[in-house]
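Participant: If you want the building blocks of each chain, they are given just below.
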Amino acid sequence: MIKKNRDIYIIFSIFILFFIVNIVYLSLGWLDLWGNGLGIITGAAFTLAMYSFLYKDNPVFKIAENLFVGVAMGYWIVITWFNILKPDVFETLIVPIFKDTGKAPQFTILFPTLLGIFMLLRFSKKLAWLSRWSFAFIVGLGAGITIPNFIHAFILKQLTFDSLFSTSIPVSINNFLVLLGVVSVLIYFFFSVEHKGVVGGVSVIGVWFLMIAFGASFGYTVMARMSLLIGRIQFLIRDWLGLLQ
Amino acid sequence: MNFLKRTIPLAIAFIMGVMMAFQYYVPHEISQSLLKVVSRWGITIGGFAVFLGAYSLFHLHMTKIRRKLPGWGYSIFVFLGAGITIIFGLYNGGEFFWNDKQEGTMFEWMYFNVQVPAGATMFSILAFFMASAAYRTFKARTNEATILLIAAIIVMLGRVPIGTMISQYFPIVADWIMSVPNMAAKRGILIGVSIGAIATSLKIIFGIERAYLGGGD
Chain A
1 MIKKNRDIYI IFSIFILFFI VNIVYLSLGW LDLWGNGLGI ITGAAFTLAM
51 YSFLYKDNPV FKIAENLFVG VAMGYWIVIT WFNILKPDVF ETLIVPIFKD
101 TGKAPQFTIL FPTLLGIFML LRFSKKLAWL SRWSFAFIVG LGAGITIPNF
151 IHAFILKQLT FDSLFSTSIP VSINNFLVLL GVVSVLIYFF FSVEHKGVVG
201 GVSVIGVWFL MIAFGASFGY TVMARMSLLI GRIQFLIRDW LGLLQ
Chain B
1001 MNFLKRTIPL AIAFIMGVMM AFQYYVPHEI SQSLLKVVSR WGITIGGFAV
1051 FLGAYSLFHL HMTKIRRKLP GWGYSIFVFL GAGITIIFGL YNGGEFFWND
1101 KQEGTMFEWM YFNVQVPAGA TMFSILAFFM ASAAYRTFKA RTNEATILLI
1151 AAIIVMLGRV PIGTMISQYF PIVADWIMSV PNMAAKRGIL IGVSIGAIAT
1201 SLKIIFGIER AYLGGGD
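Chains A and B supply the protein sequences, listed in that same order. Those letters in the first sequence? Residues 1 to 245, per the numbering used here, in order. Those letters in the second sequence? Residues 1001 to 1217, per the numbering used here, in order.
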């Protein structure tokens, strides 16, 4: 109970502090409320609310998290309307039927529109089977496009290696390492042959290459997150508090 | 009825799959425009799928509110966020949704001042969790774990100024790791994944893989 009260006091104190800081900044004219000030205060509030999770899971974080989910969903609905449904269905099929736009309605659009509506029938107990037609169209389309594109881009292109006998020795060594890495990793993932003897030895080299790749990916991802963290801290210190120019 | 529920979807998948796979090898204008039109149809159908996702999300939170499940009060904020964004989006700065999307509206304000900061902060929090997870699990117990640890440390130090301050070779070695052993292993993985994707695509086209049809008859 004492711990819970302490958490409430901490959250309440931070809220009061945030409020006071903004009032001071607005009254001194360091933030322009009707310019971009309100946006900066909102952004700072969401940033701090999200970071409050680092202390522990709390109501402020949960409110911000749920608002974020809602806003993201609303954003995608509106963007889908403006980028897909409005230009592809509304303006090409519906508007020309009811209004003389100088363009004939494109009735071929009825086909994907119907399939799209069928997809929404997933929630109807009686007509849910119609959504299978839409999924079959999308899945078949994806499967058909995948086969030739993957063969070309991710198999044939990836099997193209530079010459092992380059004019420069370091380049030749690198080319050899790439060849060795690809072959050994493929052998490691080839489970039809028992990993013993030569195959076992080569697959061990494959594991080393994989470990280097996983380590590199981990390091790269950590630094990408760090970059985002620096961006948020910069936003708080520079854009909101104006302590950094 | 079984014909409509099972045979027709399998036939659609087969026809679409075979047609799009062969289309790639036909360098004719008609073939190119077919790909363009059908891909756009796919995007249009995908546009309707957004409403499927929205229904699913709203249904989940509505159920939480209706049954007064633990934390149901927070679900109200999902509707609040979505409602405000959709209203601003459809209002479209006074031009309404049937006109072209306007610039500098409240909808854009919501995007830049709510979604972008909240999303970036959410992802940046992962930096703390990854660091704490790495501290607890990164132990050089085996040769493989040691290789992974060294590669990660070099790549991390090679990307920050302190790495260059320690040794000017850190960025060079980090770049080499990324472009030679990392690239080789990623190529191997990519080739394996592609063979798997092609095999799955063939199974879908020939009706062996039917999970996309869902349950029931």
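Simulated from the structure, these hints should not be mistaken for laboratory data. From a predicted model like this one, the values you see are computed outputs, not experimental measurements. A couple of the hints might just be wrong.
Here are the simulated lysine-lysine pairs, DSS-like style, with alpha carbons at most 27 Å apart [what the hints assert, rightly or not]:
#1 A:Lys62 <-> A:Lys3
#2 B:Lys1186 <-> A:Lys125
#3 A:Lys126 <-> B:Lys1064
#4 B:Lys1064 <-> A:Lys62
Computed list of chain B residues with no C-beta within reach of chain A, every gap over 10 Å [as the list claims (entries may be wrong)]:
#5 Ala1134
#6 Lys1139
#7 Arg1141
#8 Arg1159
#9 Thr1200
C-beta: ideal position from N, C-alpha, C; glycine also.
Participant: Quick one, are Lys62 of chain A and Lys3 of chain A close enough, alpha carbons at most 27 Å?
Facilitator: OK: Lys62 of chain A and Lys3 of chain A at ~19 Å, within 27 Å.
Participant: Once the closest CB in chain A is found, is it more than 10 Å from Arg1159 of chain B?
Facilitator: The claim is violated: Arg1159 of chain B sits with its nearest Cβ about 5 Å from chain A, within 10 Å.
Participant: Is the nearest CB of chain A more than 10 Å from the CB of Ala1134 of chain B?
Facilitator: Ala1134 of chain B is in fact no farther than 10 Å from some Cβ atom of chain A, at 7 Å.
Participant: Minimum Cβ separation between Thr1200 of chain B and chain A greater than 10 Å?
Facilitator: violated (8 Å)
Participant: Is the Cα-Cα distance between Lys1064 of chain B and Lys62 of chain A 27 Å or less?
Facilitator: Roughly 15 Å between the alpha carbons, so the hint for Lys1064 of chain B and Lys62 of chain A holds.
Participant: Just to be careful, I want the Cα atoms of Lys1186 of chain B and Lys125 of chain A compared with a cutoff of 27 Å; is the pair within it?
Facilitator: Not OK: Lys1186 of chain B and Lys125 of chain A at ~45 Å, beyond 27 Å, violated.
Participant: Holds or violated: is the Cβ of Arg1141 of chain B farther than 10 Å from all Cβ atoms of chain A?
Facilitator: Non-interface label stands for Arg1141 of chain B: nearest chain A Cβ at 13 Å, farther than 10 Å.
Participant: Could you grab the alpha-carbon distance between Lys126 of chain A and Lys1064 of chain B and see if it respects the 27 Å cut-off?
Facilitator: holds (26 Å)
Participant: Examine each Cβ of chain A, and state whether all of them lie more than 10 Å from the Cβ of Lys1139 of chain B.
Facilitator: Non-interface label stands for Lys1139 of chain B: nearest chain A Cβ at 14 Å, farther than 10 Å.
Going down the numbered hints, you'll see the structure goes against 2, 5, 8 and 9, while the others check out.
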